[in-house]
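Chains as they are written, first to last, in the working numbering: chain Z, 1 to 316; chain L, 1 to 429.
These are calculated hints, taken from the structure and not from any lab test.
Heads up, some of the hints might be wrong.
Said to hold, decoys possible - Which residues of chain Z face chain L? A partial, calculated answer using Cβ under 8 Å:
{"no.": "1", "residue": "Thr48"}
{"no.": "2", "residue": "Ile50"}
{"no.": "3", "residue": "Gly67"}
{"no.": "4", "residue": "Arg70"}
{"no.": "5", "residue": "Ala74"}
{"no.": "6", "residue": "Tyr75"}
{"no.": "7", "residue": "Glu79"}
{"no.": "8", "residue": "Gly81"}
{"no.": "9", "residue": "Leu82"}
{"no.": "10", "residue": "Arg84"}
{"no.": "11", "residue": "Pro87"}
{"no.": "12", "residue": "Tyr95"}
{"no.": "13", "residue": "Gln97"}
{"no.": "14", "residue": "Arg120"}
{"no.": "15", "residue": "Trp122"}
{"no.": "16", "residue": "Lys250"}
Claimed, not checked - Calculated from the model, a selection of chain Z residues having no Cβ within reach of chain L, i.e. all distances over 10 Å:
{"no.": "17", "residue": "Ile58"}
{"no.": "18", "residue": "Ala105"}
{"no.": "19", "residue": "Pro233"}
{"no.": "20", "residue": "Pro237"}
{"no.": "21", "residue": "Glu248"}
{"no.": "22", "residue": "Glu254"}
{"no.": "23", "residue": "Glu284"}
Each residue gets a CB set at the ideal place from its N, CA and C atoms; glycine is no exception.
Here are the chains, one letter per residue:
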Amino acid sequence: MLEVREVVKSFDGRAVVNRVSCEVRPGEIFALLGPNGAGKTTLIRMITDILRPDSGEILLDGHALDGKSRRGIAYLPEERGLYRRVPVIDVLVYYGQLKGLSAHAARAAGLALLERMDLREWAAKQVQTLSKGMQQKVQFCTVLIGEPRLLILDEPFTGLDPLNTQLFEELLAERRAAGSTVLLSTHQMNKVEQLCDRALMINHGRMVLYGSVRDIRRQYAGHAVMLRSDRAPEAIPGVQGVEPLDGEWKLLLEPDATPQAVLRELVERGVTVESFAVAALPLEDVFVKVVREGLGLDHGESGPLTADEPAKGGAR
Amino acid sequence: MRLSWARALIVARREYLTAVRRKAFFFTLIAVPLYFGGVMAIATRGEISGRRESLRALTRLGVVDSSGLYSGATRVIVTRMATDPTSTPEKLETFRTRVEFYPDQASLERALRSEQIPQALVIPADYLETGKLRRYARSSNMFSQGSAVRPIERWLVRNLLADHLDSTRVERAVRPSVAMDLYTLGKDGRFAIKDDRREMLDFMIPFLVAMLLAMCIMVGGQYLLQGLSEEKESRILESLLCALSAEDLLAGKLLGLGAAGFTLVAAWMAAGLALGSPMMAVAQVQLQPELLVLAVAYFLLGYLFYGSLMTGIGAVTNNMREAQQFAMMFSFMNFVPVIVLTSIMAHPDGALAVVLSLLPPTAPTAMMLRLGTPSSSVAPWQIGLSLVLLAGSGWLVLRGAARVFRIGLLMYGKTPSLPEILRWARAGK
Chain Z
1 MLEVREVVKS FDGRAVVNRV SCEVRPGEIF ALLGPNGAGK TTLIRMITDI LRPDSGEILL
61 DGHALDGKSR RGIAYLPEER GLYRRVPVID VLVYYGQLKG LSAHAARAAG LALLERMDLR
121 EWAAKQVQTL SKGMQQKVQF CTVLIGEPRL LILDEPFTGL DPLNTQLFEE LLAERRAAGS
181 TVLLSTHQMN KVEQLCDRAL MINHGRMVLY GSVRDIRRQY AGHAVMLRSD RAPEAIPGVQ
241 GVEPLDGEWK LLLEPDATPQ AVLRELVERG VTVESFAVAA LPLEDVFVKV VREGLGLDHG
301 ESGPLTADEP AKGGAR
Chain L
1 MRLSWARALI VARREYLTAV RRKAFFFTLI AVPLYFGGVM AIATRGEISG RRESLRALTR
61 LGVVDSSGLY SGATRVIVTR MATDPTSTPE KLETFRTRVE FYPDQASLER ALRSEQIPQA
121 LVIPADYLET GKLRRYARSS NMFSQGSAVR PIERWLVRNL LADHLDSTRV ERAVRPSVAM
181 DLYTLGKDGR FAIKDDRREM LDFMIPFLVA MLLAMCIMVG GQYLLQGLSE EKESRILESL
241 LCALSAEDLL AGKLLGLGAA GFTLVAAWMA AGLALGSPMM AVAQVQLQPE LLVLAVAYFL
301 LGYLFYGSLM TGIGAVTNNM REAQQFAMMF SFMNFVPVIV LTSIMAHPDG ALAVVLSLLP
361 PTAPTAMMLR LGTPSSSVAP WQIGLSLVLL AGSGWLVLRG AARVFRIGLL MYGKTPSLPE
421 ILRWARAGK
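Starting from the given sequences, assemble the full structure and let the hints guide the process.
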């Protein structure tokens, strides 16, 4: 779907994005993570063709970005706004037309989206008469209109109440089911864990994490499993240490031990296993750890990473 | 430059409709002509009524004649004045002033103080040699009192010569010429009567075209600044720029807002023509088609130049106030030819006029003024060169503006320095 290859962008001699590569697969929700000033917005602006990379390339369905491919991309920036003194439906028709719909089709699509957002009766009202949350929903409609194949969303959930957050999630799921791909940039790590398949994290313009969200979380948790049991397991072969954690036991495994072998031992020794899972660090902890400790991928000599490669940050 | 006309036209349509639907547009459409019309009417009416009041107040004129030249002078001054400049034939109003002689200045001053007379004239003994007179009034208004001078002067001349010349000669001395036609050498090599009224109308059309062009460029530019500042301030641009290129947006804005400015000026022109056409018909004024073609060409190229400039300014500034400060400096260039109007009219083929009509920022207005000045003969190569220079610089400014626009639109908070802007204009994305 989307391929970013060795992309570099500098401003005033400073590389804001430095040799970043990633692949976003069709139909997945892909997270773009990083601390403030990491270069995420610049990378997004290059993906949306607002800025052009100094070197490297960005391909959509194997082709360089052009006017035609641009119509398939919709972007919800973090710093967002709408024409204030314009009726809501006119804003949607305008965006719809820019994405290639006829005025009639754009109007129909706009009204359908407003219906979905429970804003149908506000269609003829000026944007400035809407509350902030309502405006955010209209903004989301401008992204969804024209049924784009790639949605790029920068902090879409900020400022939303739980109901509207749920509504946005449902809409994302619907778009995904319809075949759209989502690139989600957010600092809400719980949303990444909940919604995203894979993630890329950049810091100081360089890639520091790349891979499936599950793998990243597991690798940063170390070689361990989480056990919920009635008692602390003792002297289990392959387990070099046991730590209590949030009502569970974290079993630190020896390098050559596997979770399957440890589970078998636990069952054979008559330990009551209420739950057993490979340990995974919350993504927020991974984020803090990576940024604070300045960890990162070093792909400089080995060429660009592909999505099939495991996250390397945790191996350090 | 990657430009999609389809998307640019969508933007143009939206910008146009948004601009013309605003209350401010309607207000400008109605208020500006009303304002200028009102100011002109008040000024004209004020001047006429001032003169009229002045003559009406001069019911009596006290005279002390120490020279003895006016002992047998007429005791009434009759003045006729056109009180409605728009009426044809002229509508004249007659004012009569009674002349009363006083034996000395003291009695004259007493009469003036007691308001028996509104004004007084003292003719000294040596008047014939020196030509010096003294006029007295209870108060003075610099704008109206002057109207009383000419009737008094005519009374002096008429009565000075009455005993020496016949009445016809006296009348000619008082008013040497009722009409003095001037015959000038025309472009066809023949002397033809110079019709000031016709000539003025002939000049007024290109002058108005030049003024309207300058205003149209200014109004379109203002809309561009306003629209861009609003979009920048409300953070709309980033999501828009994902849907269309900066070039599409720039072209759409230039087209749509230029059309809005043009609509405004065209409406004023139409109203002006409708009101002025009877006068033009009487004077047999005909619009020259080649002049109209050139006016359109200068308008389009001038708008391209200034519109692009305004767009660049709108992109690099953070709000309307800041944008207007920058824009004012450039808008001023557009009006330089109007400021030096008299020099251009006096020497339409002089160095100043030629240079201004070739320089792209001043070319549209200056060339239209030159073409409109009756005594000018603008060489075709100058028109050609002026258009080529304007088109070339317009294209360069457009390209630079598109680059600055693309980068500047997404810059918030800090206004870039001139070297930064120039670097953006050279660099691109």
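Ascending list of hint numbers which this structure does not respect: 11, 14, 15 and 16
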